[in-house]
Amino acid sequence: MTKRGIVGELLGRRSTLSHRQAESVVNAVFEAIAAALAEGARVEIRSFGAFGVKQRRPRQGRNPRTGELVEVRAKRVPFFRAGEELRGEVNGRAGRSVAKS
Amino acid sequence: MIRRRQRRKPSLNKAALVELINHRTGLAKRDAQDLVETVFSIIKEGLSEGERVKISGFGAFVVNHKQARRGRNPHTGAPMQIGPHRVLSFRPSQTLKELVNSGRN
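Which chain is which? The protein sequence lines are A and B, in order. Be aware that the first sequence starts at 4, since it is given in my numbering, and climbs by one per residue. Be aware that the second sequence starts at 1060, since it is given in my numbering, and climbs by one per residue.
The set of hints was computed from the structure by calculation and includes no laboratory data. Even for Gly, the Cβ is constructed at its ideal location relative to N, Cα and C. Careful: at least some of the hints might be erroneous.
Result set (BS3-like, lysine-lysine): computed pairs, CA atoms no more than 30 Å apart in a straight line [stated by the list, open to error]:
1) 1125/B with 1113/B
2) 57/A with 1156/B
3) 57/A with 1113/B
Partner residues are not named here, just some residues of chain A that face chain B (Cβ under 7 Å, in silico) [as the list claims (entries may be wrong)]:
4) 32
5) 44
6) 81
7) 87
To be clear about the criterion: a stretch of chain A counts as covered by chain B if any three or more of its residues have a C-beta under 8 Å from a C-beta of chain B, and this derived list gives those stretches [unchecked claim]:
8) 8–20
9) 35–43
10) 57–71
Could you put the whole structure together from the sequences, leaning on the hints where they help?
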């Protein structure tokens, strides 16, 4: 499923919506999350999950091709943690206790 | 740890998202709220069916299948069987990774 698929599905479920509106809702959702992450903010979507940014320290790495030592700069990485409800649903509600521990 | 807490910005939630969509599209807040929820439900349903959901310029939500393995209860150290299960992972797009690092270094 892609962004286009989500827009299509949204249109199918809400017949009063124009294509443009559906598109701008979907775009706005992800642009807003991205913008918040760019500022280092956390984004919590109830019953879905939480997005955030993690700080990585600078480290020495290796160029995997040449084996050469390289300096990897400190950087920030976006992450997403699925909420309990979503985790359970993805797992078919089966191994809920396993996923929890 | 202290630095981390100082850096923490107020979090964005569904209500703020609804507000923003209301501003951007002129849709009533009640409708905007319903649409935001529906967008997340659609994604959730796709993922529940094991589908991969890719949002260009943002990232992809991917369902990984984990095989059964023998694990340990981290609390008691007792060995236990962990059944096969599915876990969700998010792979941020290159664009999002760059955006998060913009204006730094």
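Checked hints:
| no. | hint | result |
| --- | --- | --- |
| 1 | 1125/B with 1113/B | 21 Å, holds |
| 2 | 57/A with 1156/B | 11 Å, holds |
| 3 | 57/A with 1113/B | 22 Å, holds |
| 4 | 32 | 6 Å, holds |
| 5 | 44 | 4 Å, holds |
| 6 | 81 | 4 Å, holds |
| 7 | 87 | 12 Å, violated |
| 8 | 8–20 | holds (count 7) |
| 9 | 35–43 | holds (count 8) |
| 10 | 57–71 | violated (count 1) |
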